[in-house]
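Colleague: Which chain is which? The protein sequence lines are A and B, in order. Mapping of the first sequence onto this note's numbering: position 152 corresponds to residue 152, and the numbering continues sequentially without gaps. Mapping of the second sequence onto this note's numbering: position 255 corresponds to residue 255, and the numbering continues sequentially without gaps.
Hints may be right or wrong, so weigh each one.
No more than 25 Å apart at the CA atoms, straight line, and that leaves these computed lysine to aspartate or glutamate pairs for DMTMM-like [to be verified]:
| hint | chain 1 | residue 1 | chain 2 | residue 2 |
| --- | --- | --- | --- | --- |
| 1 | B | K211 | A | D126 |
| 2 | B | K128 | A | E156 |
| 3 | B | K177 | A | E82 |
| 4 | A | K192 | B | E204 |
| 5 | B | K117 | B | E204 |
| 6 | A | K199 | B | E238 |
| 7 | B | K12 | A | E82 |
| 8 | A | K5 | B | D36 |
| 9 | A | K198 | B | D63 |
| 10 | A | K199 | B | E228 |
Example chain B residues on the side facing chain A (calculated, C-beta under 8 Å, incomplete) [said to hold, decoys possible]:
| hint | residue |
| --- | --- |
| 11 | L40 |
| 12 | G70 |
| 13 | Y75 |
| 14 | G100 |
| 15 | F104 |
| 16 | D214 |
| 17 | G217 |
| 18 | N220 |
| 19 | N223 |
| 20 | T224 |
| 21 | E230 |
| 22 | G234 |
| 23 | Y247 |
Hint data in this document are derived by calculation from the structure and do not stem from the laboratory. Please read these numbers as outputs of a predicted model, since none were measured by experiment. Glycine included, C-beta positions come from ideal geometry on N, C-alpha and C.
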Amino acid sequence: MSWVKNTLSSSVGRKFAMALSALFLMIFLLQHFTINISSVMSEEVFNNWSHFMGTNPIVQFALQPILIFGVIYHFVMGFVLEAQNRSARDVKYAMNKGGANSSWFSRNMIWSGLVILAFLGLHFYDFWVPEMVYKYVEFKPEDPNRYYEELVHKFEDPLRVGFYSVSFVLLSMHLLHGFQSAFQSVGARNSKYTPIIKKLGNIYAIAIPAGFVFIALYHHFTSH
Amino acid sequence: MSASKALNLTLKVWRQKNQEDKGKMDTYQVSDISPDSSFLEMMDILNEQLIEEGTEPVAFDHDCREGICGSCSMYINGEAHGPGRSITTCQLHMREFKDGDTIFIEPWRAKAFPVIKDLVVDRTAFDKIMAAGGFVSVNTSGNTQDANAIPIEKSHADQAFDAASCIGCGACVASCKNASAMLFVSAKVSQLALLPQGQVEAKERVKNMVKVMDEEGFGNCSNTGACEVECPKGISIENIARMNREYLSASLKTEDA
């Protein structure tokens, strides 16, 4: 199996693995958004979906560990690549016009990524950790109707809503480059499909984070 | 055409005695520069001025001065080969600048391209990558076959020719925020992988070239696209995607580790 190790430790292989984890996380984000947006339309539908996701053994014990691995891998590899890339230029330019040939988003993935990491820290503290404690530490009885109230309660604090919103703007920037970049890294590029991938990427990168911001604002202003 | 106004310029030039020297930016004034002179001619004028003053002239790479050899390698005002697209430094003209401008002139910056002196960098790392597989082993000369004996799809021939126009100047490495050599290596991989003569060794070639590229200390590709914008030959990052495919498929299909 040394060929797997060799491939994944090469520059091309690392970017391939980075892109695969990114594509997986983008599919997850779409699914997360689909469930969350249902909270705006119907309390009952949101509770049903959340209950299913929170209690289904395949989701909990197969998909959730894969997701956690995907998240950790994406961040750790992001830092590893950044460290390698920084060391590849030991002396910086006295004058460098990055904006003349590339987008700000593409050059600053590490910074948008770090904001998203900070957001995830808060997000896990807000939802995931209490959820794990509720189910697997305190073994409280499952209440299929608790999810909506928990969600709405979190969005009462304007500071949290503000931080969530700013984070989603950074997520949008990350995705504006990341979506199409992931396809490039796995080698999926040609003159016929790439323009479509780029357009889809722009739609995804703006619509999904904007949708999440809308959900946060909606609950903030309607829950009182 | 009426003569344009001559330029008076401030030059901030990287000076470094040798590989061990720390180096620094020095400031020089040049005057009466014709807008029609090339950038390298302006550097020649500066050097004549420095020699007259008894100062060591600025060392810089140059050879053909017509954009095909890939020797000239200056990072001018924050861009490889300066402002302007699809040109090398020798094809850059002083009309791109205004009277009174300050121009920053630096060497390519990459750990894999150490500065030898002033603006001259050691690009041996590219030669090492080429030696790892950037060729076809079969003898293709001496007994030339009929050109139509092996049919080649027109689009493949065109893409191979486009990739083969890479002159190996290193502007891609210099422009990349990660000092990555992916555009250069992918152009060399592509020009051979697209044609029948090169396909025989394609799998070993891409693996070996990527291996040496990584060993030489170039960075990873962040797909910013800066390299293709600054490339004097307009090599597309489509080649990088092709190299990724070639590399991944070679890793899966070859039997050795």
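Colleague: If a hint holds in the structure, say so; if it does not, say that too.
Modeller: Results for each hint:
The hinted pair formed by K211 of chain B and D126 of chain A fails the criterion: a straight-line CA distance of about 44 Å is larger than 25 Å. Distance restraint check for K128 of chain B and E156 of chain A: the Cα-Cα separation of roughly 61 Å exceeds the 25 Å cut-off, and the hinted pair is therefore not satisfied. Among the hinted pairs, K177 of chain B with E82 of chain A is consistent with the structure: their alpha-carbon atoms are about 10 Å apart, no more than 25 Å. The hinted pair formed by K192 of chain A and E204 of chain B fails the criterion: a straight-line CA distance of about 29 Å is larger than 25 Å.
For the hint pairing K117 of chain B with E204 of chain B, the CA-to-CA distance comes to about 36 Å; that exceeds 25 Å, so the pair is violated. In summary, the hint linking K199 of chain A to E238 of chain B is supported, as the alpha carbons are separated by about 17 Å, within the 25 Å threshold. Under the criterion of a C-alpha separation no larger than 25 Å, the hint pairing K12 of chain B with E82 of chain A is inconsistent with the structure, at around 30 Å. In summary, the hint linking K5 of chain A to D36 of chain B is not supported, as the alpha carbons are separated by about 55 Å, beyond the 25 Å threshold.
Only pairs whose Cα atoms come within 25 Å are accepted, and K198 of chain A paired with D63 of chain B is rejected, the gap being roughly 40 Å. At most 25 Å may separate the alpha-carbon atoms for a hinted pair to count; K199 of chain A and E228 of chain B meet this at roughly 20 Å. At about 19 Å, the closest approach between the beta carbon of L40 of chain B and any beta carbon in chain A exceeds 8 Å, and the interface hint on this residue is violated. Interface restraint check for G70 of chain B: the shortest CB-CB distance to chain A comes to about 19 Å, outside 8 Å, so the restraint is violated.
Against a cut-off of 8 Å between C-beta atoms, the interface hint on Y75 of chain B holds, since the closest Cβ of chain A lies about 6 Å away. Because the beta carbon of G100 of chain B sits about 17 Å from the nearest beta carbon in chain A, more than 8 Å, this interface hint is broken. For the restraint placing F104 of chain B at the interface with chain A, the shortest Cβ-Cβ distance is roughly 4 Å, inside the 8 Å limit, so the hint holds. At about 5 Å, the closest approach between the beta carbon of D214 of chain B and any beta carbon in chain A falls short of 8 Å, and the interface hint on this residue holds.
Checking G217 of chain B against chain A by beta carbon gives a least distance of about 6 Å; that is within 8 Å, so the hint holds. Satisfaction of the interface hint for N220 of chain B is found here, the shortest Cβ-Cβ separation to chain A being roughly 5 Å, below the 8 Å cut-off. Using the Cβ-Cβ criterion of 8 Å, the hint placing N223 of chain B at the interface with chain A is satisfied: the shortest such distance is roughly 4 Å. Interface restraint check for T224 of chain B: the shortest CB-CB distance to chain A comes to about 4 Å, inside 8 Å, so the restraint holds.
Given hint, E230 of chain B at the interface with chain A, holds; its Cβ is 5 Å from that chain's nearest Cβ, closer than 8 Å. Against a cut-off of 8 Å between C-beta atoms, the interface hint on G234 of chain B is violated, since the closest Cβ of chain A lies about 13 Å away. Against a cut-off of 8 Å between C-beta atoms, the interface hint on Y247 of chain B holds, since the closest Cβ of chain A lies about 4 Å away.
Checked against the numbered hints given earlier, this structure breaks hints 1, 2, 4, 5, 7, 8, 9, 11, 12, 14, 22; the rest are met.
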